[in-house]
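Participant: Listed below, chain by chain, are the residues.
2 protein chains.
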Amino acid sequence: MTASRTARERVRAELTREIIEIARRQLATEGAGGLSLRAVAREMGMVSSAIYRYFPSRDDLLTTLIIDGYNALGEAVERADAATPEGDFPGRWTAVCHAVRDWALAHPHEYALLYGSPVPGYQAPQDTIGPRVRDLVVFGGILAAAQRAGALGPAAALPEAGPALAGEAEASLADLMPGVPGDVLLRALSAWTSLYGWVSFEVFGQFQGAFQDNRLVFDHSVKVLGAMMGLTRSG
Amino acid sequence: MTASRTARERVRAELTREIIEIARRQLATEGAGGLSLRAVAREMGMVSSAIYRYFPSRDDLLTTLIIDGYNALGEAVERADAATPEGDFPGRWTAVCHAVRDWALAHPHEYALLYGSPVPGYQAPQDTIGPRVRDLVVFGGILAAAQRAGALGPAAALPEAGPALAGEAEASLADLMPGVPGDVLLRALSAWTSLYGWVSFEVFGQFQGAFQDNRLVFDHSVKVLGAMMGLTRSG
DNA sequence: GCTCGTCAAGAGCGGTGCTCTCGTTTTCTG
DNA sequence: CAGAAAACGAGAGCACCGCTCTTGACGAGC
Chain A
1 MTASRTARER
11 VRAELTREII
21 EIARRQLATE
31 GAGGLSLRAV
41 AREMGMVSSA
51 IYRYFPSRDD
61 LLTTLIIDGY
71 NALGEAVERA
81 DAATPEGDFP
91 GRWTAVCHAV
101 RDWALAHPHE
111 YALLYGSPVP
121 GYQAPQDTIG
131 PRVRDLVVFG
141 GILAAAQRAG
151 ALGPAAALPE
161 AGPALAGEAE
171 ASLADLMPGV
181 PGDVLLRALS
191 AWTSLYGWVS
201 FEVFGQFQGA
211 FQDNRLVFDH
221 SVKVLGAMMG
231 LTRSG
Chain B
1 MTASRTARER
11 VRAELTREII
21 EIARRQLATE
31 GAGGLSLRAV
41 AREMGMVSSA
51 IYRYFPSRDD
61 LLTTLIIDGY
71 NALGEAVERA
81 DAATPEGDFP
91 GRWTAVCHAV
101 RDWALAHPHE
111 YALLYGSPVP
121 GYQAPQDTIG
131 PRVRDLVVFG
141 GILAAAQRAG
151 ALGPAAALPE
161 AGPALAGEAE
171 ASLADLMPGV
181 PGDVLLRALS
191 AWTSLYGWVS
201 FEVFGQFQGA
211 FQDNRLVFDH
221 SVKVLGAMMG
231 LTRSG
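In order, the protein sequence lines correspond to chains A and B.
Take 1 as the starting number for the first sequence in the working numbering and just add one per residue.
Take 1 as the starting number for the second sequence in the working numbering and just add one per residue.
There could be a bad hint or two in this list.
[Said to hold, decoys possible] Straight line, CA to CA, 20 Å or less: simulated EDC-like cross-link-like pairs of lysine to aspartate or glutamate:
(1) Lys223(B) to Glu170(A)
(2) Lys223(B) to Asp81(A)
(3) Lys223(A) to Glu170(B)
(4) Lys223(B) to Glu160(A)
(5) Lys223(A) to Asp213(A)
(6) Lys223(B) to Asp102(A)
(7) Lys223(B) to Asp213(B)
(8) Lys223(A) to Glu86(B)
(9) Lys223(A) to Glu160(B)
(10) Lys223(A) to Asp81(B)
(11) Lys223(A) to Asp88(B)
(12) Lys223(B) to Asp213(A)
(13) Lys223(B) to Asp88(A)
(14) Lys223(A) to Asp102(B)
[What the hints assert, rightly or not] Derived Cβ-Cβ restraints for the label pairs, each shown as a range:
(15) Leu136(B) to Ala164(A): 17 to 25 Å
(16) Asp68(B) to Gln126(A): 34 to 42 Å
(17) Gln208(B) to Ala7(A): 50 to 58 Å
Note that these hints are calculated values from the structure, not bench results.
All of these numbers come straight from a predicted model, not from anything done at the bench.
Just so it is clear, CB atoms sit at the ideal spot from N, CA and C, and this is done for glycine as well.
Work out the full structure, taking the sequences as your base and the hints as a guide.
Facilitator: Here it is, written out as structure tokens:
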């Protein structure tokens, strides 16, 4: 890539890359909190203090891993979206969702680093806000394109679950919500995950003042989800 | 409460309570990973090794905090539900959602302990599965009651956002999704949080084999959300 | 009154992030 | 090409961590 002016710079870039690689591997086995510069140094046959020539602190290494993570997730999402026909907006949305899930399941610890509990004492620097929204940008692009194409209308009739799926939902949740048909159970599941997804975003700082009054927006979302489930009053 | 047979047992119960209290306070300032038995001991004027007479390991103290957390959240949800008229099912759902959000915002570190990244190396024992589903039990009760009362129909027309709310949504997300009306943006936000809520549940082990084929259920949820947003194909 | 279990204290083990110094090696400059 | 300057690895050291083991004091029950 770079013409690597001096030999020193070349070996420096190589070692930096190796540190990141080992750190990511260690992240996968020990978790975000268990990331240890000493262990990285040990695995490289270095002495611990030498690592600090490459990353001034553990947090800087963490920042690099976070940025790499957001970029990897973003790329996966972008690839999934690009592989779907442009006018198939429901398909593009579905593809994006599966891309997120597949990536997260393949890299659970990196996902935890991005969307789990914030690392105590760690403050994400400004460099992360670009890569952080790559998935959102894709999502926004789909919606905006659908709007331009006139393919974004009022809420459509929600698709019904097949009998197999409805049966599995009933089998899993029958003791918790007896008598509720599987179709409703599946919509309820979406509402439930939306609730905790919102709360996690807000508590873990993913919103960062996106709205003036989070509570108001949340309240409306909740009511939308209630209607989606089909809840009505009874006399 | 207990007749506290011996003085020794009484002081032991008191000290145990004090340890938990200090640990919870420490959780709020240092985060879940920064929970330190030594620091707890220091704050109590004890020597570190003495703590192990009360909690055999750091993980046991953590388990206690987790169970207490689930119970606190569960109680808050139960209270919110009980305070709403029985037949007002949309209101009960809304109350539950706000209870979850309010509790989480008031106790962010405890929420992180429950729904954030799993603590590395920590395996939750069986004792946690009871308190863990208290909120879900409430939610299930609402749905089941609505079903019995005949108040659980097909998805209702989604409520429209007022102009103020729609305007705020447009202001916040206009650069990301230009041209999309605020009403759709708000529904899209629910879909987005539902996606990440699902993935977080699955990655962080909250599902624990609830379904035979997570991917199938997920795929259906995603399509429901797509329809809720109003996405359709364009020629 | 004596035994036995409970307890706090202390030392110690191996681990962590991070700092500082020291001698070497590489690069840049005169 | 020689010398100054920068970069580097190694090592010692600081304060902290979870956890274990031993020791000596204390109180409850026989």
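Participant: Hint compliance check: list the failing hint numbers for this structure, sorted ascending.
Facilitator: As far as the earlier hints go, only 12 is violated by this structure.
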